[in-house]
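J.: Now for the letters of each chain:
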Amino acid sequence: MTTYRGSCHCGRVRFEVDAELDHVRVCDCSICRRRGALNHRVSKEQLRLLTPWEDLVLYQWGSHTAKDFFCPVCGILPFRRPSDPTLQERRDGIEPFDGWAVNVRCLEGVDLDTLPIRRIHGSHIQVAAPAAAACPDGAIPGDVLRFDVYGRFRLEVVRDADAWEVYQLGTGTRARDVSVLIPSELPADEIASYLDDLFHELGGPGQSVRRIL
Amino acid sequence: MRISGRCHCGNLKLVLEWPGELSSIGVRACGCDFCTKHAASWTSHRDARLTVHVAQPGLLAKYRFGTGTADFLVCARCGVVVAAASLIDDRMYAVVNVNTFEDIDVTALERAVTHFDGEGTGERLDRRKRNWIPDVRILHDQA
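Protein sequence lines correspond, in order, to chains A and B.
Here our numbering is used: position 67 in the first sequence is 67, and no number is missing along the way.
Here our numbering is used: position 16 in the second sequence is 1016, and no number is missing along the way.
No wet-lab data here; the hints were simulated from the structure.
Each residue gets a CB set at the ideal place from its N, CA and C atoms; glycine is no exception.
No false leads were mixed into what you were given.
Straight-line Cα separation of at most 20 Å, SDA-like style, residue types lysine to any residue; simulated pairs:
(1) Lys1062(B) - Asp55(A)
(2) Lys1062(B) - Leu58(A)
(3) Lys1013(B) - Arg33(A)
(4) Lys67(A) - Phe15(A)
Chain B side only, calculated, beta carbon under 8 Å to chain A, not exhaustive:
(5) Cys1007
(6) Asp1033
(7) Phe1034
(8) Lys1037
(9) Arg1077
(10) Gly1079
(11) Val1080
(12) Val1081
Given these sequences and hints, build the entire structure.
T.: Here it is in structure tokens:
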């Protein structure tokens, strides 16, 4: 693990990151294409901001799950919180990522031309976005909700373009549960009470299904 | 041909009237620190015409560095740099960032890496007068 120093261009934003730069991610979505960012993901603890958070501007759009931080003076984006995994990524077993995507362009002492590139086709995710109009209550394909059912088991509910998909969560396991059907048009904030109706015989007095994500 | 471009949030929009076909657009990836960090890739033509539409003037950041002879037009809402403008002898010249172009696969455009590090200020301004877009308007749509 190497510690790199990083900054925007004008110097208002400075940071340090511990990383093993074995690759960079290049995405072709509408924002990455404009920024040309070379991203490398690190855990939360591996990034240390040396200047005040207030000196950064936060930009969010679309699903509002990603957080782009940039310098308002020179416009450079030093790092971002990636968006939540897409539905396909969830199906492939990819967990939500809780760390940072650091823009390797901002790091000192890195030869950008020699880093292996991992191409990410973020633009394809955007193609699916219009389907969001069909989702109830502002739900967006790829939205992930989790519920605790009376402490007995946990369910993960994932928004597909036109349906809610249900998964049983175990310790380190996740399996599709087709026996639980949630109406496609049910808004996200009504799923907990819907599950209560479904599973009420399992619950004790005063217990209710809790949303945990 | 007419090319549209914009920052990500749409606060800054470009209309570039280009005197030729797509294949005639050459892209220059400058090797300076600013352009590297922005991954900015520039193009210009001495017979082109550029209009920059600004929806919210308060969210247009003009960033200067180095010789201080060009303003880099950055959207203060989304951080994208759309163009650089330089006022020389009372005329505004500009280059545009092709990464902001819409409906064009900019990865297919011909690219060259350029370095202007050793250039003097006089040489730099002369080069801009020769190569940059000489017909530039920045319009505040709100007004």
